[in-house]
Amino acid sequence: MALEWDRLTGPAWIGMDMATAFVPWYSFLGDQLRAGHIPTWNPYTFSGAPFAADPESGWMYLPAMLAFTLLPLDAAVRANLLFHVLLAGLSTYTLARVLGCNVFGALLAAIVYAHSGFFEGHNVCCFAYADVAAWLPLALLGAELAIQAATWRPRVLGWGVSGFALSQILAAWIGQGAYYAVLVVGSYLAVRALVASNARFPHRVRHLVLNGVGIGVVALGLAAAGLLPRLEYNPLSNLPGGYPDADVSLRATTWNDWGFIANWDRLLLQPGFEYIGWPVLLLSLAALPLLLSRRRPRMIAYFAVLGVAVLILARAQPTPLHAVLSLLPGFEGIHARSPERALIVLYLAPAILAAASLSWLTGTGRKAAIAFGVAAIALVTVDLHSAWTVQAAESLAGGGDYQFARVDLAAYVAATPGAEFLMDQAQSQPAFRYFGYAGHVFGGPMPYTLRWADPAITGLLVDNRAMLTSLDDIEGYNPVHIARYGELIEALNAQVQNYHQTDIYPAGLNSPLLDLLNVRYILMPAHLASDEVAPAITRPLERVYADDTVQVFENPSAFPRAWIVHAARQVAPGAAIAALVGDPPPDLHTVAVLEEPPPPLREPADATRESATEAAVGLDRLRIEVLAAAPGLVVTSEIAYPAWHATLDGRPVPVLVADGALRAVAVPPGEHTIEMRYQSTALNVGLGITLFTAAALVAVAILQRAFSTRLSARSEC
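Every letter in the sequence shown is one number past the one before it in this note's numbering, and letter 230, counting from 1, is 1718.
To be clear, the hints were calculated from the coordinates, so they are not data collected in a lab.
A couple of the hints might just be wrong.
Between beta-carbon pairs, the in silico distance windows are [unchecked claim]:
id	residue 1	residue 2	range
1	Thr-2026	Val-1796	53 to 61 Å
2	Leu-1770	Trp-1746	17 to 25 Å
3	Ala-1789	Glu-1828	43 to 51 Å
All of these numbers come straight from a predicted model, not from anything done at the bench.
All C-beta atoms, glycine included, are put in the ideal place defined by N, C-alpha and C.
Construct the entire structure; sequences and hints are all you get.
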């Protein structure tokens, strides 16, 4: 813990993803849970997007839910960091002990795993990486306990431990990280049952199937409340089943094309975010001769092969191992874009191998052996700490793989004067949206996330800061968002961008689609930086606020949140967004573009008497009061998603997708009330499954406890 002391005291450590993604997401999560509300919908970024269904939102990830609900933000961030270090260290220590390592070896394994450059760095910059790594040893520990169990009740508890750990990995990062973790646990079970067992082969297969199914059922059952909404969201997102630019084939290889990840020696042996160091590497290699010993700790061969396999798999160029794994469902689309992320599951290999070596070297129990064990642990600790100190200093100076900063977190997330101005406007005006813009010319548009530590960029309220101020932004930073919305922003900009962002580019500043999205305010820097140019804006804007950092412009042509049209243009499925920017473009004040047959519509005799007023009554519920003079279509600037359902005067009615990505409801003449609610069947079913699974595990634990107590009482008699 001495290695974490500087992050538990003084200014908080933050990195790019932590500052721009996880702090806003987890803060929103905690705020909603504290209010007794499941955060199903996030209205503050991307003009609105699913939240509980988002794979990295923290929903059903218990450490985030507890810390950010029960603690102030600064304390929650520090508690989150401390918890994952303790989880990684203690579970690795226990796993090493269960596998047969002595106290010295197990303690070394815990230090190596929880204080590697990978865990130290990613526990600050990128929570999802560290989350997966922290739970992986516990998943293997539960699997090993289930394998060793002689009776049903302890076996089921082993399934519970492993399944719970895997459920948390699925909750933290259901994508690439979870895939690798499942592969490790599955391969561990297979090797442990089929190779490292003295039972007859049919019994080995039966144990493999039994434990695999048991752990899988528990994991999926406990994860269901988060997993099912995410599976519902995935085909509608911009990443349906993988990454859009992962067009590399993992099968195009020859059987003699092998190799480790490029510069593996530099990555592992020079201070950085993948560091393990020479002492750990040498101790790991020293474990290889133990493969010939019958008294070696269990599964040493497995961890040796795991380490080699991960270093190969992390290579960008395909190998035969890549080709084999590409046969697994979805693996190619997930792995091909960023193969180096396989290193997430590397560090248990050197930790357990080094533990095995030290256990053997200190196994005599003599004073000299004990002294050697203490010295080895001290050497590894000092080496890892020294390397982290070097890397941390470089990151704090803006270098390295990730930039760090030390800040007063409360001050960092506090509303800026520009945000306070918009918050005041939100109290007195109808609902509106905004976005921040700073045009960089060096290398084209630069994502705001890369400039997250610049106060001039912070003042623009980009990088998900809308979630901290409860303002509605059309931009956002998240690898997952609704696909139709991303297509709408691409049409607005006439340019594609990285899948993480939906930023507004220079060409989009004058697009009428900004008006369609209810953009009333645009934030721009008060002073241009050396690599910025003044935006070429032709639309009429009025400057309504300015300070030393930011200026705010009002867009008088913004659409309201809801309006009525009496004409519709039907286009082919998938063609609506392209039709919005056609030549000539449709007048969206009076016509809606639909991809399905329109409802009966008629022009009114006097449209001036019509109105549609939206009143938000909650994050996942809104009401629209309508006065229609003829059959019409109430179009809203709210983003369409299948979990949104509507009633008209209390009766269920269809929610149509208008203008490519917006919600609309048909209305007859007269006064009406439309209510829209977010109701996800997947979430409700998932909650039921998760609660049932948890209750079943608690019942098994109680029965096991009662059985153990009864046996203990009988033995005393």
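For each hint, the structure was consulted:
| no. | hint | verdict |
| --- | --- | --- |
| 1 | Thr-2026 <-> Val-1796: 53 to 61 Å | 60 Å, holds |
| 2 | Leu-1770 <-> Trp-1746: 17 to 25 Å | 24 Å, holds |
| 3 | Ala-1789 <-> Glu-1828: 43 to 51 Å | 25 Å, violated |
Against the hints set out earlier in the document, a violation occurs for number 3 only.
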